[in-house]
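Asks: Chain residues, written in single-letter form:
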Amino acid sequence: KNQVEQSPQSLIILEGKNCTLQCNYTVSPFSNLRWYKQDTGRGPVSLTIMTFSENTKSNGRYTATLDADTKQSSLHITASQLSDSASYICVVSPYGDSSNTGKLIFGQGTTLQVKP
Amino acid sequence: DAGVIQSPRHEVTEMGQEVTLRCKPISGHDYLFWYRQTMMRGLELLIYFNNNVPIDDSGMPEDRFSAKMPNASFSTLKIQPSEPRDSAVYFCASRTLQGHHNEQFFGPGTRLTVL
Numbered sequence: 001k002n003q004v005e006q007s008p009q010s011l012i013i014l015e016g017k018n019c020t021l022q023c024n025y026t027v028s029p030f031s032n033l034r035w036y037k038q039d040t041g042r043g044p045v046s047l048t049i050m051t052f053s054e055n056t057k058s059n060g061r062y063t064a065t066l067d068a069d070t071k072q073s074s075l076h077i078t079a080s081q082l083s084d085s086a087s088y089i090c091v092v093s094p095y096g097d098s099s100n101t102g103k104l105i106f107g108q109g110t111t112l113q114v115k116p
Numbered sequence: 001d002a003g004v005i006q007s008p009r010h011e012v013t014e015m016g017q018e019v020t021l022r023c024k025p026i027s028g029h030d031y032l033f034w035y036r037q038t039m040m041r042g043l044e045l046l047i048y049f050n051n052n053v054p055i056d057d058s059g060m061p062e063d064r065f066s067a068k069m070p071n072a073s074f075s076t077l078k079i080q081p082s083e084p085r086d087s088a089v090y091f092c093a094s095r096t097l098q099g100h101h102n103e104q105f106f107g108p109g110t111r112l113t114v115l
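Read top to bottom, the protein sequences are chains A and B. If you count by my numbering, then the first sequence holds residues 1 to 116, one letter each, in order. If you count by my numbering, then the second sequence holds residues 1 to 115, one letter each, in order.
Looking at chain B on its own, in the form it has when it is part of the complex:
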């Protein structure tokens, strides 16, 4: 398996523009997590899905952020409109219910820069 795949790897945009980050989880995994990582706050959970259904979005910072999972192999995280403080690395992770001790497998991340 190729692991968790994220695209793009880098994104530079201007304030006010819409940004869409994409994630393909490991095949067969039924949980998908979106995280944001900054120097100041470390890794923060934004939202997670179980069997394509959003379960907990309490970490989503504000209404400008939205996430979808239309099928088991694809998820998006959208920021509209983007702001400079959204600059961070966004990780997607997946796991299976039968996984070893809840281990989550992380993608390579998308580095977002909002100018």
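Extracted from the complex, chain A is given alone in its bound form:
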């Protein structure tokens, strides 16, 4: 069964600190892996996307890594800010969907709270 699991479920850090969120998936084969950020009361917004051949992708203070052999991804946030407080969702797109629908498999998300 295609699954995406994230850890930790929630995390509290102090402003300015770094943190790393984890994502393990069993989707195989897969086309790409995204990290979405979801602010409270808003819809998810894509932060990074990596295909199976990429192992790192950065977007400002956000850096995502991918190990396709171990089926693990991580999202590292550097020098956290209060505005980083949000849920971060790992999303995998299966490869081989002939209709190319873009049906996605979502993790449960990690809720990050950055405190001053």
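Read the hints as simulated data drawn from the structure, not as lab findings. You can take every hint at face value.
Straight line, CA to CA, 35 Å or less: simulated DSBU-like cross-link-like pairs of lysine-lysine:
id: 1; chain 1: A; residue 1: K103; chain 2: B; residue 2: K68
id: 2; chain 1: A; residue 1: K103; chain 2: B; residue 2: K24
id: 3; chain 1: B; residue 1: K78; chain 2: A; residue 2: K103
id: 4; chain 1: B; residue 1: K68; chain 2: B; residue 2: K78
Partial chain A-side listing against chain B, Cβ under 7 Å, derived:
id: 5; residue: R42
id: 6; residue: G43
id: 7; residue: P44
id: 8; residue: S46
id: 9; residue: S93
id: 10; residue: F106
id: 11; residue: Q108
None of the values given here were measured: they were computed from a predicted structure. For glycine and all other residues, C-beta sits at the position ideal for the given N, C-alpha and C.
Fit chain B to the supplied structure of chain A, relying on the hints for placement.
Replies: Frame of chain A; chain B shown alone:
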């Protein structure tokens, strides 16, 4: 572009009432998705359309749920009759076939509370 537009943003209703959620996808997008998000289950795909045609409704929980897309710029998700367990945030998302790696763009969601 204003992005995906959903209305209402919040809906409070009583059990047994009919609820209609609305979505306007990004212009030019040919796929539209309806999701439900709860704390317990996260984001779940309910149904998706391609060129206004429903393709996969296997995620629709039961017959009380129905969705339509009468044209390329409008879709509705209807719950009749509503139940307290339907309380959740409902998201609409859209994408284009030519989009970057199947990226879906999400609306702001409708928070539904059924009393």
